[in-house]
Amino acid sequence: MQKWLEELLDVLPEKQIMTEAADRFSYSFDASFGEHLPEAVVQVKTTEETVHVMKTANAYGVPVTPRGQSTSLSGGPLPVKGGIVLDMVQWPEKIEVTPDDLIAVVSPSVLTADINKTVEPYGLMYPPDPSSAHVCTIGGNLAENSGGPRGLKYGVTKDYVIGLEVVTPEGEVMKTGGRTIKNVTGFDLTKLIIGSEGTLGVITEAVVKLVPKPPAVQTLMAVFDDVETAGQAISQTLTSGILPSKMEFVDQACLQAVEQYKPIGLPVEAAAVLIIELDGHPEAISIETKEVERIMQELGATDSQIPDTPEEAAEIWQARKLVSPAIATIKPTKVAEDATVPRSQIGPMMGRLRTIKEKYDVDLVVFGHAGDGNLHPDVMCDTRDQEEMERVERAVAEIFEAAIDLGGTLSGEHGIGTMKSAFMEQELGATGVDMMKRIKEAWDPNNILNPGKIFPEQGQTRLVLRDE
Amino acid sequence: MSNETSLKDALAYDKTFDCVQCGYCLPACPTYETMEKETHSPRGRINLIKMAAEGKASLDDLKEPIEKCLGCMACTTVCPTDVQYGDLLEAAKETLEKHETKTKTQQKTEGFLFGSFFPSSSWMNALGQATWLYQASGMQKAARALRLTSMAPLHLGEFEQVVPAQPSPKERKARSRRVKPDGTPAAKVAFFTGCVMDSVFFETNQNTVELLRLSGAEVILPENQTCCGALHAHAGKTDMAKEQAAANIQVFEEEDVDYIVNNAGGCGAKLIEYDRMFEEGTDWQERALAFTEKVKDISEVLVELDGLAFSKDVPKTITYQPSCHMTNVQRVTRPPRELMESIPGLTLKDMDNPGFCCGSAGIYNIVNYNDAMDILDVKMADVKKTSPEAIVTTNPGCLLQMKLGVQREGQGESVEAVHLVDLLMEAGPRSRN
Ligand SMILES: Cc1cc2nc3c(=O)[nH]c(=O)nc-3n(C[C@H](O)[C@H](O)[C@H](O)COP(=O)(O)OP(=O)(O)OC[C@H]3O[C@@H](n4cnc5c(N)ncnc54)[C@H](O)[C@@H]3O)c2cc1C
Ligand code: SF4
Ligand code: SF4
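Note that the protein sequences, when read in sequence, are chains A and B. For the first sequence, our numbering assigns the number 2 to the initial residue and increments by one for each residue that follows. For the second sequence, our numbering assigns the number 1111 to the initial residue and increments by one for each residue that follows.
Looking at chain B on its own, in the form it has when it is part of the complex (with noise of 0.2 Å):
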């Protein structure tokens, strides 16, 4: 009996009520699409999950359909009840880690990825620099010798092929922590890094430093920061992210700020949500309260900001593919927009279904990648009717699947895609006072 109760509660059975079974969630959801069954959708799953806490399935028949799901939160959107699918997904992970029985291997590879790589800093800019070595001397071995690719069997291979130009770790060393605007700043910042971005996109991370000064801001880069914990949330590893966000949110408070930013749409996204991660009424709730409040996307604040003038044009046709996460978590849809419409010369065509994920959700492209794939060729497909010259977004997973989009249709040449940040950056951004 009791063993049914705590069943129950690890799956948060009761929430699963809040689904009338509707269905307004199957046009939204991409899987349902690719893999052409409701056990993959959002409604199938919510019934699984049902099914497996009154002990009617078993957590095995539970499995692979979580572990298909994205977690891009486009059937939250839709839902007309508000089913709290996120918080379901959570725990029916967590529940299923709990009841994992791994193989050694597997175990050490996790182990590593999220106890140790992820969270560090200098094993992220470590990468980062292999990169730059790698690309910079031609000295092939240079990823090998991280064993990135012997760690698992991914594809990382593949990726690697998509990885932009590297700064030398010179340039890395000498960023500066602190930086100042010209006049008296209009706003004082704090910039969460995020690890993938810091890394593999240290540039975009720069830009966005420069784009929170020119608009007058004073920013931040609180030193001992650390991985958000989404993708240690998306697999289930609950009290792991639990420690990030403690970790996190004691940085972010040493500082005085009215703003944390980021530019990670999925980091953003749990950032937000740091506050549920907590015991209602704790003393731990409220300081994540006080630090959910003032995340925000990179996008918000240059647009609160409004201090920025743009002196080149960029005759471009590009399309946008919002990053799931910064629409269906963080629900923030317009300033994104409003800031391609302000840049001269610009043509935004949208594709048909934006909101459909890319596929990249995380590391699914990398642990699922087969259906990642899938995913990705129904994007390329919509990507490709309105013929763009690039494909913008706002999240380094979405940056670096769109990248593989274009490299796998072979337009690797004609077609770029590029951060927000950088599309701004290019067209000579200038202090408005």
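Here chain A stands alone, though its shape is the one from the complex (with noise of 0.2 Å):
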């Protein structure tokens, strides 16, 4: 046995450390490309495990992967230098709620849809809503910045955390932030780790703050002819005083593909639709509503329904919420891209993702947080079609291009992982890159954590999504 392993077994339960070959296949991918094998699994229940684990690997220079659900969508939790895959979900779940603070205490294995549930009856809110909540753990929507349809009013992850515990690459135990909602001690380390991707340390415990759960909701769903008046009408709402909870973006192949996949009636001639939801007060959404209503029909929305009950309404969100298992009825791989414009740009950012559609001749497909100009231009396709994969690579580098130009982002939520890393100059710069990395090193001076992410390795220029 490896000297590390049996230094490991010196503090963990052996039952928490797992080499056998079926181990580790299942912990060797993730929701994206390619599978990678651990050396071993290691399961970690508490802040000293996690001390202990960090300490032996920086002794033995084995690499360690944080993981928790592995719904990542960009490679973050692959093991790709192998060494030790971190599961942090066997972790002991805990959501410690204080009302009056309005924050709870969790642990990183909590499931993120578990929050709300829990504080739900304290009236109170956890706004962030990545369409995975109920599977993904909190511990990765820390490490990834996780967002959702709500990000448009209440912003994301990082808008909620206000303290963590962290064991660092080195193995030592570092609080950040408190429990308040102002603090402006020292940098503030508490975002930076927010978002590294499990790079610069094993999310152990977090603060989160809360929100009181707003009274009432709203939804309403306007139908449009063409692409580039829905996304005039996102701006022209957001310009007129009202602030939706939610602004989603379906385009027609989606609304086909859900139609197909489980009728429900949708307008399958349109070009695109919204989906808002409105949350407040009772009557002041009641004028919202009318208010979003004409300023929808004057910019030539060719139809608007407005659900009476809320049992209607869950079924115009179910539609939006069947957009993902339809398109995989498509074909059945998907390449899930979150490219995010500035919300003036989304127009123009459709156009020129028909260009690409065409040009490459993939079926590609458009839905998305547009509220907040993050879209999500899915490519469908089938890994086992080589030729096909080669278009859909140079396809994706070209949509990563067009966000840029257009004064967007690689990545709105999912992240930069291995998927998207060959591109991080173009969006950053060199220097900005360089600023990074000079964090990671000085943070993980042995490079033991999450290595190979984040940053392109050596002659990695392009996106690579078959076995070369």
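Hints may be right or wrong, so weigh each one.
Subject to a maximum C-alpha distance of 25 Å in a straight line, what follows is the list of computed BS3-like cross-link-like pairs (lysine-lysine) [unchecked claim]:
1. Lys1178/B / Lys1422/B
2. Lys16/A / Lys1208/B
3. Lys1280/B / Lys332/A
4. Lys322/A / Lys1125/B
5. Lys291/A / Lys332/A
6. Lys210/A / Lys159/A
7. Lys82/A / Lys1166/B
8. Lys118/A / Lys322/A
9. Lys1118/B / Lys332/A
10. Lys360/A / Lys82/A
11. Lys1125/B / Lys1166/B
12. Lys263/A / Lys1125/B
13. Lys1173/B / Lys16/A
14. Lys176/A / Lys56/A
15. Lys192/A / Lys16/A
16. Lys95/A / Lys192/A
17. Lys159/A / Lys441/A
18. Lys1494/B / Lys118/A
19. Lys1125/B / Lys1352/B
20. Lys1347/B / Lys1178/B
21. Lys1290/B / Lys1280/B
22. Lys438/A / Lys176/A
23. Lys154/A / Lys176/A
24. Lys332/A / Lys214/A
25. Lys1459/B / Lys118/A
26. Lys1280/B / Lys118/A
27. Lys1178/B / Lys1118/B
28. Lys4/A / Lys46/A
29. Lys1426/B / Lys1495/B
30. Lys1347/B / Lys1208/B
31. Lys1494/B / Lys1426/B
32. Lys1347/B / Lys1125/B
33. Lys46/A / Lys118/A
34. Lys95/A / Lys1494/B
35. Lys1495/B / Lys95/A
36. Lys154/A / Lys291/A
From the structure, some residues in chain A lie toward chain B, with a derived Cβ separation under 10 Å [what the hints assert, rightly or not]:
37. Asp88
38. Gly266
39. Glu428
Treat the hints as calculated values from the structure; they're not laboratory data. On a predicted model such as this, the values are computed, not experimentally measured, just so you know. Ideal Cβ placement from N, Cα and C applies to all residues, glycine included.
Two independent chains are provided; combine them into the complex using the hints.
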């Protein structure tokens, strides 16, 4: 047995260290591409165990890759350099709510949706709502700085974290921030850790901020016969003094796929629909609903629907939810992108996407959180078709370019991981990437924690989705 | 090369590509919860099948994760991309079964269990009668005379303790195979009796026939029906399962009925998939399709006939443990609830996570006893929170398991486990017309 494994066994129960092939295979993938076998899977359940793993790994130079539920769409939890996969999921779940402070203290393994379930009885809400919330861990959300439809009004994960407990790459325990909303003592290390994709520290506890749960919500769906008008309608609404909690965009290809997957009477002739949710006091949203409807009509929406009951509203949101599974029936492999542009550029971005789709002859569909400029251009393909995958690689590269050209970013919420690292310099410039690298080197001198992520490897200049 | 292709075919490799590894099935999987690793999750198992088909992992790596899968299919109900996990699981089991080297005793035991025991109604009756003899006369050795406990080192003793009171052989013999309602029949149905149901829960089967009769149906019990084949298929014995399917199709074709009714969620799930066992476009597949179109759970038929009225209050608080195969394969969820709601005086308190398997899973609780008990413990914790007087279920395996659960919790006196059909009988059912 390897020396470092023996040393791990000094502190960790045997059951939490796995080296059998079946187990290693089971921790070799995420929801994106590629598979990489770790040498061992180690499950930690306490801060002390985590410290011991990091210290041992540093002593023996063994890479450690933290892993939540591995729903990452960018390769974050893949052990690309082998070593240890650090499974955080078996950590006992803890959600301690302090209603008077509007905060909750949570353990890293908590499923995101469970936070909301726990705080709801107190009349509170934890706003970040990635669509994977019922599956993914808060630890993964913190590491990826995940967001969801509510990002438009409420912001994303980083806007709700005020304190962390972190085990550093060298195995020291550090607390950042605290339990207060305001805190300017020193550098904001909390924000540095959030979105660091498991490369700067292992998050072992977080203090999250809560908001009062809005007393009422109202859904509205507007139908458009061209995509640019839908784009205008978004900007127009947001400059009219109204801030919806969600504004989701679904294009024709998606509408048709959903309708075929599960017929629910969607307007399949439409070029696009916007699904909007308003939240707040019932009287306020009744006025705002009328106002939004008027804006949609003035701009030339061909139809708008305002559901009367929560059940009808749920049906409309069901349509949005079904997009993901429905488009999977077009082709089995999904390259899920999340290029994001300034809101005024949604129309032009839609135009660029259409050109890319035709140029590379790929099955490109678009939906997403258009209210905050976060589109999901997904390319549907089949990994078994090498020729197609090559076209997809080029199409995706051009999607990134288009987003950056229009003043946007490579990734709104899925993270860089292995998938987008080749494009970092295009967006950040050489100095930007260099400053980030220096931070990484200072924090993790032995390059132990999640190596091979975010920064491009030598010679890695483009996206590769095939086995080469 | 051809070896590789045939392994890929055998493991239904192409179907693994439907899995996008989103992880949505993780929170639904009981074994991921109790065994605490991805290796025992749906996503992990599918990935291992893929790796084995590609020759990266060995069949040996696949063995334990596949054996420890309950086959509860909770993963398929939540899967957004409709992965055919059932097909993948069966393909994996069949492949493993073919590559397996078994000890002589294992072969003999299995040969007996699957070849003679489950399919044979006389053996099953014998089991029922032996249990009766055992209970009625206190003749301790009756079960052992059948050498049930020595056939396999299984915890059958524990299961025996929770088997219900048995009718006498005379009662069994006296059962009529054709029952007519009082007025003109509203429907003609054939009853699939099931092997475990008909031996261990004979009374429940009689009640099923009675409820159908009261609902206005003419009921036929075809004599030469055999085991549904589910247990064989779960054990990777696909060819045997296919033989049983063919035999049943043939037997039930002889009667011109509106429905083929069963009261065992697990059997129903197999019966309803008979068409998938035969090759597309063949004559057999067509016959299977005609068969499956008629297959219904008893609850569906009772709701559809809508012929019952209840004369007695059942002032009990119950909780409902739906059969996984009924929920996730047959996708029957409303009818049992509608029936319970129609019972006067009854209070139904739902437990958390009713969709979490109880751990019975065919003969899983017999072959993987300890794992099944871990799962049962999780289930019983949720059951207890509702403080029920009875746990209602719709499948013999679940019923036995729940009885065992109650016993293990030391609540054998205060909590009973009952089949939905028996609960309906308690409410004094009458013909509405
Ligand atoms: C169907 C589907 C829908 C999705 N929808 C959304 C969406 O709407 N919005 C969105 O933002 N994302 C979405 N995602 C992406 C994904 O769910 C998120 O990135 C999520 O935060 C990952 O959480 P996880 O627990 O699965 O973490 P993992 O995927 O296991 O890990 C993600 C990263 O976090 C690191 N990490 C995990 N735990 C820790 C820890 N305790 N300390 C330090 N580092 C850690 C890992 O090293 C890795 O780099 C979706 C994914 C899928 C499959
Ligand atoms: S839910 Fe379906 S697609 Fe997602 S990981 Fe599970 S089996 Fe695969
Ligand atoms: S069938 Fe049940 S036990 Fe098996 S993988 Fe699916 S959910 Fe888990």
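Here is how each hint holds up against the structure:
Straight-line distance between C-alpha atoms of Lys1178/B and Lys1422/B comes to about 44 Å, which puts the hinted pair past the 25 Å bound. For a cut-off of 25 Å, the pair hint linking Lys16/A to Lys1208/B is broken: about 31 Å separates their Cα positions. Restraint check for Lys1280/B and Lys332/A: not satisfied, since their Cα atoms lie roughly 61 Å apart, outside the 25 Å limit. Our distance criterion of 25 Å between C-alpha atoms is met by Lys322/A and Lys1125/B, whose separation comes to about 24 Å.
Note on Lys291/A and Lys332/A: the hinted pairing is violated, with a Cα-Cα distance of about 40 Å set against a maximum of 25 Å. Our distance criterion of 25 Å between C-alpha atoms is met by Lys210/A and Lys159/A, whose separation comes to about 10 Å. Restraint check for Lys82/A and Lys1166/B: the C-alpha separation of about 18 Å stays at or below 25 Å, so the hint holds. As the CA atoms of Lys118/A and Lys322/A are separated by approximately 20 Å, the hinted pair is consistent with the 25 Å bound.
At most 25 Å may separate the alpha-carbon atoms for a hinted pair to count; Lys1118/B and Lys332/A meet this at roughly 20 Å. This hinted pair does not check out: Lys360/A and Lys82/A have alpha carbons roughly 36 Å apart, beyond 25 Å. Between Lys1125/B and Lys1166/B, the direct Cα distance comes to roughly 17 Å. Compliance with the 25 Å bound is thereby established for this hinted pair. Using a Cα cut-off of 25 Å, the hinted pair Lys263/A and Lys1125/B holds, with the two alpha carbons roughly 21 Å apart.
A hinted pair counts as satisfied when its Cα atoms are at most 25 Å apart, and Lys1173/B with Lys16/A qualifies at roughly 19 Å. In summary, the hint linking Lys176/A to Lys56/A is supported, as the alpha carbons are separated by about 18 Å, within the 25 Å threshold. Restraint check: the Cα-Cα separation between Lys192/A and Lys16/A comes to about 34 Å, which exceeds 25 Å; the hinted pair is violated. Distance hint between Lys95/A and Lys192/A is fulfilled; the C-alpha atoms sit about 22 Å from each other, no more than 25 Å.
Proposed proximity of Lys159/A and Lys441/A is supported: the alpha carbons are some 19 Å apart, at most 25 Å. For a cut-off of 25 Å, the pair hint linking Lys1494/B to Lys118/A stands: about 22 Å separates their Cα positions. Taking the CA atoms of Lys1125/B and Lys1352/B, the gap is about 21 Å. The hint holds against a cut of 25 Å. Between Lys1347/B and Lys1178/B, the direct Cα distance comes to roughly 17 Å. Compliance with the 25 Å bound is thereby established for this hinted pair.
Our distance criterion of 25 Å between C-alpha atoms is met by Lys1290/B and Lys1280/B, whose separation comes to about 22 Å. For the suggested pair Lys438/A and Lys176/A, the alpha carbons sit about 23 Å apart, so the restraint of at most 25 Å is met. For the given pair, Lys154/A sits about 29 Å from Lys176/A by alpha-carbon distance, which is inconsistent with the 25 Å threshold. For a cut-off of 25 Å, the pair hint linking Lys332/A to Lys214/A is broken: about 39 Å separates their Cα positions.
The suggested pairing of Lys1459/B with Lys118/A holds, with an alpha-carbon distance near 20 Å, which does not exceed 25 Å. Between Lys1280/B and Lys118/A the CA atoms are separated by roughly 56 Å; this puts the pair beyond 25 Å, and the hint is violated. Annotation: proposed proximity of Lys1178/B to Lys1118/B holds, straight-line Cα distance about 22 Å (limit 25 Å). A distance of roughly 22 Å separates the Cα atoms of Lys4/A and Lys46/A; the hinted pair therefore holds under the 25 Å criterion.
The hinted pair formed by Lys1426/B and Lys1495/B meets the criterion: a straight-line CA distance of about 16 Å does not exceed 25 Å. With a C-alpha separation of about 9 Å, the suggested pairing of Lys1347/B with Lys1208/B holds against the 25 Å cut-off. In summary, the hint linking Lys1494/B to Lys1426/B is supported, as the alpha carbons are separated by about 15 Å, within the 25 Å threshold. Using a Cα cut-off of 25 Å, the hinted pair Lys1347/B and Lys1125/B holds, with the two alpha carbons roughly 20 Å apart.
For the proposed pair Lys46/A and Lys118/A, the alpha carbon gap of about 23 Å is at most 25 Å, so the pair holds. Taken as a hint, the Lys95/A and Lys1494/B pair is honoured in the structure, with Cα atoms around 23 Å apart against an allowance of 25 Å. The hinted pair formed by Lys1495/B and Lys95/A meets the criterion: a straight-line CA distance of about 20 Å does not exceed 25 Å. Annotation: proposed proximity of Lys154/A to Lys291/A holds, straight-line Cα distance about 19 Å (limit 25 Å).
With 10 Å as the threshold, the beta carbon of Asp88/A comes within range of chain B, its nearest partner Cβ sitting at about 8 Å, so the hint holds. Using the Cβ-Cβ criterion of 10 Å, the hint placing Gly266/A at the interface with chain B is not satisfied: the shortest such distance is roughly 21 Å. At a threshold of 10 Å, the smallest CB-CB gap from Glu428/A to chain B is about 27 Å, leaving the interface hint violated.
In summary, the numbered hints that this structure violates are 1, 2, 3, 5, 10, 15, 23, 24, 26, 38, 39.
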